[in-house]
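K.L.:
Sequence:
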Amino acid sequence: MKNIYILFIILLFLSFCGQKEVKDGPVPLGNGIVEFGAVSVTTGNVKFSYLPAWAETPPESVWFSGDINKWSFSAEGYRFTHLDNGNFELSVKTVPGTYRYYYVINGAPIKNMKEIAGKILPQPTRFQTNSDGTVLAVLEVGE
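Read the sequence shown against the working numbering and you will find it ends at 166, with the numbers running on by one and no gaps.
In case anyone wonders, no lab produced these hints; they're calculated from the structure.
Every value quoted in this text rests on a predicted model; they were computed, and no experiment measured them.
Worth double-checking, as some hints may not be accurate.
For lysine to aspartate or glutamate, the following EDC-like pairs were computed, each having C-alpha atoms within a straight-line distance of at most 20 Å [to be verified]:
(1) K137 x E163
(2) K142 x D107
(3) K70 x E99
(4) K134 x D90
Sequences and hints are given; from them, build the entire structure.
P.N.:
Listed below in structure tokens is the structure:
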């Protein structure tokens, strides 16, 4: 009976050895576009988040600016709500399609969304660099 327990423990140990979490990283596609795998966003309300670092002074305001609101820095309904935990959230009604956007923090547009990629949710499907050097986040929304 003791041998069965030992065998079970060894098999259990071996079943967990070598397992690593697989994270899809960015895949360069050329022309300034970087695509991320494993992003799945469906039609409906998409919750966008800005998650400032815990040691960072939270901004006064965060806005969503993109093709969905004609690139307005302060369109009604596109200001993030500042939550008690220090994060910012905004729910945006979407239909299937491609959405290009950037955040506006304290009135200043983030001209390189890659710089804050670790602080935003959902993770963009890819990034796109415009001719003026602005790096936009791009989100593909499915059905």
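K.L.:
Does K70 pair with E99 here, judged by a C-alpha cut-off of 20 Å?
P.N.:
holds, 16 Å
K.L.:
Within 20 Å, alpha carbon to alpha carbon, are K142 and D107?
P.N.:
holds, 17 Å
K.L.:
Mind checking the alpha carbons of K137 and E163 for me, to see if they're no more than 20 Å apart?
P.N.:
holds, 17 Å
K.L.:
Hinted pair, alpha-carbon criterion (20 Å max): K134, D90. Please report holds or violated.
P.N.:
holds, 15 Å
Of the numbered hints stated above, none is contradicted by the structure.
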